[in-house]
Amino acid sequence: GDSVTQMEGPVTLSEEAFLTINCTYTATGYPSLFWYVQYPGEGLQLLLKATKADDKGSNKGFEATYRKETTSFHLEKGSVQVSDSAVYFCALIKIRDDKIIFGKGTRLHILP
Amino acid sequence: KAGVTQTPRYLIKTRGQQVTLSCSPISGHRSVSWYQQTPGQGLQFLFEYFSETQRNKGNFPGRFSGRQFSNSRSEMNVSTLELGDSALYLCASSSAAGNTGELFFGEGSRLTVL
Chain E
1 GDSVTQMEGP VTLSEEAFLT INCTYTATGY PSLFWYVQYP GEGLQLLLKA TKADDKGSNK
61 GFEATYRKET TSFHLEKGSV QVSDSAVYFC ALIKIRDDKI IFGKGTRLHI LP
Chain H
1 KAGVTQTPRY LIKTRGQQVT LSCSPISGHR SVSWYQQTPG QGLQFLFEYF SETQRNKGNF
61 PGRFSGRQFS NSRSEMNVST LELGDSALYL CASSSAAGNT GELFFGEGSR LTVL
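Chains as they are written, first to last, in our numbering: chain E, 1 to 112; chain H, 1 to 114.
Hints were generated in silico from the structure; no laboratory data involved. Cβ atoms here follow ideal geometry from the backbone N, Cα and C, with glycine treated the same way. All clues given are correct.
Calculated from the model, a selection of chain H residues having no Cβ within reach of chain E, i.e. all distances over 12 Å:
1. P8
2. G16
3. E52
With a cut-off of at most 30 Å between alpha-carbon atoms, the simulated DSBU-like pairs for lysine-lysine come out as follows:
4. H/K57 to E/K99
5. E/K104 to H/K13
6. H/K57 to E/K104
7. H/K57 to E/K68
8. H/K57 to E/K94
9. H/K57 to E/K52
10. E/K94 to E/K52
Covered, in the sense of this in silico footprint (three residues per stretch, anywhere, with C-beta under 8 Å from a C-beta of chain H), are these stretches of chain E:
11. 28-42
12. 45-57
13. 85-93
14. 102-108
In isolation and in its complexed conformation, chain E is listed as follows (with noise of 0.2 Å):
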């Protein structure tokens, strides 16, 4: 069946680092993919998607590319701010099954 890999948290990393979380999917057809992130003590907020295969999903510094050679959706972000520590899941829908999977999500620590 469908599904949504993400890598394995916790993920620390300094202020203004670089951030890479991988992300890829299995799945037929073409889903649309998207990045959602969970601040702590709140409910998930979309932060980019993408809906076909080269497309690029950007919002707040982070970039994500629908790259279907490879079945990937990595979020990245070229300098990240303590402000970014939340969870981050990898989700991916077909609209014609109506349904979006999620991948288990990756915990984001960013130290001062």
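Chain E is fixed; fit chain H onto it per the hints.
Showing chain H alone in chain E's frame:
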């Protein structure tokens, strides 16, 4: 525009009891979905309602049920609570156009079963 509102935010129950959680979606959103979040299993899809009809259901036992009202507000119920039901229950709404994957989440209801 008000966000997704979930009540109660925190609750403690004992095994065997039942619980009802409520979710008010963003105005104009007709789709409401529910998720269970635990440290071990991550986010697991429970069910989704659209215009008062259950459109999708995850792999949870029949003790977990839900409904949606004509004003799009939704409730989920868990009967005969077990210790393993302790979790953060998240509700999400999406636009009237259907589920595009762009979900707006509430802050969740944290259930502790003793």
